[in-house]
Structures are given as structure tokens and as C-alpha cells.
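Undergrad: Chain residues, written in single-letter form:
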Amino acid sequence: MPIYHSLTLIDHNGDHEMAEVAYNLPEWFARCPKKQKKPAYVWDLPVCYDGAHGIDLLETARLLDLDPETLIRQHTAQAYRVYGVGFLPGFLYLGGVPESLQLPRRDHPRLKVPKGSVGLAGAQTGIYPQTSPGGWHIIGNCPVPLFSADKDPPCLVKAGDLIRFRSVSQAEYDLYQLESEIGIYNYKKDKTGA
Amino acid sequence: MLKIHKPGFFTSLQDRGRFHYRDLGVPVSGALDQSAMSRANALLENEADNAVLEITMQGPELEFEQPTFMVMCGAPLEAELDGEPIQMDKVYRVNEGAVLQCGHVLQGFRTYLAVRGGFLSDKKLGSRSQYYPVTRRPVLVKAMEIPYKACNDFEPKLLKWSAPGHFGEKELRVYPAPEFQQLSQLHKNQIFDGVFQLAKEHNRMACQLQPSIDRHSIQMITSATLPGTVQLTPAGRLIILMRDGQTTGGYPRILQMDMESQDLLSQKRFGDSVSFKMVKP
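These protein sequences, in sequence, are chains A and B. Under the working numbering, the letters of the first sequence match residues 1 to 194, in that order. Under the working numbering, the letters of the second sequence match residues 1001 to 1281, in that order.
Just so you know, the hints here were simulated from the structure itself, not pulled from any lab data. On a predicted model such as this, the values are computed, not experimentally measured, just so you know. Each hint should be verified, as a subset may be incorrect.
[What the hints assert, rightly or not] Heads up, incomplete: computed chain A residues facing chain B, CB under 8 Å, no partners named:
id : residue
1  : 40
2  : 89
3  : 187
[Claimed, not checked] For each label pair, taking beta carbons as the anchor points, the in silico distance ranges come out as:
id : chain 1 : residue 1 : chain 2 : residue 2 : range
4  : B       : 1082      : A       : 50        : 53 to 61 Å
5  : B       : 1143      : A       : 108       : 33 to 41 Å
6  : A       : 38        : B       : 1122      : 24 to 32 Å
7  : A       : 123       : B       : 1099      : 35 to 43 Å
8  : B       : 1273      : A       : 110       : 33 to 41 Å
9  : A       : 172       : B       : 1192      : 35 to 43 Å
[To be verified] From the derived model, a few chain B residues whose C-beta atoms are all more than 12 Å from chain A:
id : residue
10 : 1005
11 : 1038
12 : 1078
13 : 1106
14 : 1166
15 : 1224
16 : 1250
Glycine included, C-beta positions come from ideal geometry on N, C-alpha and C.
With the hints as constraints, model all of the structure from the sequences given.
TA: This is the structure in C-alpha cells:
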């Protein structure tokens, strides 16, 4: 279970000497041929920042002293590293938010943040994988789900990948949502050099 | 099919758990009192990973459309099968169309109902344990139907196998978790000398304890959490993660509870007392 700076090993059947495994792991990793390491991908995810989805966009822009167009441009300008998937099924811990977009969480968390909401909080940005309570500033919505229990693997993105957001119109949003509902949405990804 | 006439307070299908998806944020789930579930499956000579019903506090009303054999283990509760009172840890023949009416859990908190061959709902990610959004619903609801295989002839090797109840015990066995050494001696004393009660906030995800201990300002980067991980919030609240608990967390992980203590804790309810005892991992 990799997340940020840690790797947690879980021994289900209790038949490994875990201290020994932990001791040997760095050497095993060093000896692992490159081709056995999984490639990392850059995922291109559509986000609609329009008012109906980006319910906090105007207020967030005001708090950051930016105009909304600049906020969207800055949010889509770089790729964010996935430091781990955790907390809830399909929730990505993303890093690399520029300082100009960093602000504290909302004073009052919402009881219901819609599935797919794209938020900002502190040095983090992310997507709510399902409708849940939350205190992040919601600036948009991503119409394509990253987690489905009926697929294998159930989550497309893994730790080490990169996420890039692309601003789309309401019409494109509706199209992508429909495409993913009937299972024909084509997720765009490229191999990274890493 | 098993027909759900009344779902009860919080009744869900559970098995041993959902493994190998934690790196995608999927908790392990599964029966909270694994020893009670295992005993129910063993009495029916089921496979260890067969799915059972986990009943919480107030039981359901169920109709068996096919004949089978059933057993209830864990917290004792009031139950009648076609009007006949049911004993815990005892195998019963169930006739076609029989109705099981359950009342309140009398002692403890969670009861397990197993049928011969287990319940056969669709597996999701290798498990039948209900957990939203991996399964469509988090619990049983009225009018739901759960498949199982009819069974007419079964000669149980053991008709009854009672285990000593651990409902009166309150000692949770723990060992140090990654951030334990960052605690002050005062914090450690407060944890190991104190007696805590289960707060209202306790469910399949986590158990919060009261009273709180002293505040702290230990900072850490989000890391993995496990069922049985004891976290300490900055305000001094102790939170013990259960099997539906989040897979990662940003609060210091101060202790890890052993498996038997997780079973014990899952039979506690609001206001029950617990204490901590350090053991070797």
C-alpha cells in the first residue's frame, strides 16, 4: 500500500517473517529489472468549471485574488502527481498545486458534495469519487468516474501516475458523462518518461 | 431466496473480507466479529469464506423460500423460527417457507446468522461483504432477496458449540504503531491508566472513545491505516478504525490492536468500558 513517503506491507495469512521482508525489500527493488516496473501514465481528465458545477469558483477566485479565468488557466496548467489512492475507493491524493492556488479549507464543510466534484484545499487538489461530506472549495466537476467495482482493476489511476485537468464546456461534459454511462468513454492517457 | 420482510436496525451481508484492493482505497470490510462468524460457518461445515448476515442491535424478520439449516452465533438475541425460540450456537433445520423473527440483541452488539452453503449474492472485487459504493447498498433493505442453495439432508457433526462469551471483558490488547514513540509520557500514562467508554460515534468504520486525553501537536504525512489502528486526533480523541474504516489517514497512528481484541470491541455498544494493555506484537 504505497502513499506519499511510505509503503505498507500487509501479510494476510501471517506466513511471512515481515521484519525480514522489510529488511530485504530495498535490495529486491534495486535488483528488479526496469521492465518489471509498471509504467506511469499521464491522464487527461475533462473538468467543467461552469457555475452549476464550480459552485465555489467565483468565491475561491475572490479569496485567491484572481479572476476566474486565470484560476482555471492555472489549475489546468500543470500535471499533478498521484501520491497515493486512499481514504475512500478511488480518491487520489494529488500534489503539486501552485502556491497561487493554495487556500485553507472552507469554514463550514458541506454535508453533501456531488460525485465528481473537483476541489482545492491547502496544497491539495482532488476529485470526490462519490457524493460525500466535504470541506474543500469546489471549482468544477469531472464527468468521468475513475472507480468502478465492476471493472478490473476497479481504479484506472495508480500511485505514481500524473493527472492533468482539461477545461471543457457543458456540452462536452454532457457528452462525456453519457459516454461513460454507456461504457464507451475513451480515457486519454500518455506514458510518462518516468 | 431469503426474503427480507424487515431489515432490522443495521443488517448486512459479510464474509471474511475484501482483500488486495486497499491500494485503491477499498477497505477490507467483512464480519466485525470474525470469531463468531467463523463459528457459525464451522457449525454448518461451510467454507471459511462463506457469507453470513451480520445483525446489529435489533434483528430482522426473514423468510426462507427453500429448506436449509441455520445457526446464529455472537451476541445473544431474541429469535423465533416459526414460533420456536432459537438458541445461540445451535444448528436448526429450516423448512420451506419458514419465518425467522428476531428481536433485540440482549448482550453484546452483533449477531451472525449463517445458512448451510452460505448466502450467494454476487461477489464484488472478490467478496460479498456489503460496502457502498463497491456494492450497490450498504445494508439489507425491505423486500430484498438473497440467494442461497436449498439443502435437505445435512447431518451436522456438532449440533451445538458454545464459546465462552467475551462480552464482560474490556481489555484491548495493543502494540505500538508507527507514531507511538512521538507521544509524551503523560499521553502514554493517560492511555494505559485510563478507562474509556464507547462514544455515540461508533459503527463499522470506526469507534470513538471518551473521555478525550490531552491535546497534542504531532504532525505527520498521510499514511496507511488498518482495521484496529488506534488514532489520536489533535484534540485528544481516541479513534479505533474498524473493518470498513478508511485505508489512509493523517492522524498519528499510536497503537495497533490485535485481531481478538477487534472481535471483542465489535461486541461493545455506546457507554461500554474498554481499557488498553500493551502486548508484544
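Undergrad: Determine for every hint whether it applies to the structure shown.
TA: Hint check:
Taken as an interface hint, residue 40(A) does not check out: its beta carbon lies about 15 Å from the nearest beta carbon of chain B, beyond 8 Å. With a least beta-carbon distance of about 5 Å to chain B, the hint placing residue 89(A) at the interface is held under the 8 Å criterion. Using the Cβ-Cβ criterion of 8 Å, the hint placing residue 187(A) at the interface with chain B is not satisfied: the shortest such distance is roughly 16 Å. Taking the beta carbon of each, residue 1082(B) and residue 50(A) are about 60 Å apart, inside 53 to 61 Å as hinted.
Checked against the given bound of 33 to 41 Å, the beta carbons of residue 1143(B) and residue 108(A), roughly 38 Å apart, stay inside it. Separation of residue 38(A) from residue 1122(B) is about 29 Å and conforms to the stated range, judged on CB atoms against 24 to 32 Å. The hint said 35 to 43 Å for the Cβ distance between residue 123(A) and residue 1099(B), and at roughly 57 Å that hint is violated. Look at residue 1273(B) against residue 110(A): about 36 Å separates their beta carbons, and that is inside 33 to 41 Å.
Hint check: residue 172(A) to residue 1192(B), Cβ distance near 58 Å, so the stated range 35 to 43 Å is violated. Distance check on residue 1005(B): its Cβ is at least 28 Å (rounded) from any Cβ of chain A, clearing the 12 Å threshold; non-interface status holds. Distance to chain A confirms residue 1038(B) as a non-interface residue, since its nearest Cβ pair spans about 15 Å, more than 12 Å. No Cβ of chain A approaches the Cβ of residue 1078(B) within 12 Å, the least distance being about 36 Å, so the stated non-interface status holds.
The claim that residue 1106(B) lies off the interface holds: its Cβ sits roughly 34 Å from the closest Cβ of chain A, which is beyond the 12 Å cut-off. Non-interface call for residue 1166(B) relative to chain A: holds, since the shortest CB-CB distance, roughly 21 Å, exceeds 12 Å. At roughly 4 Å from the closest C-beta of chain A, the C-beta of residue 1224(B) falls inside 12 Å, breaking its exclusion from the interface. Residue 1250(B), annotated as away from the interface, has a beta carbon of chain A within 12 Å; the closest lies near 9 Å.
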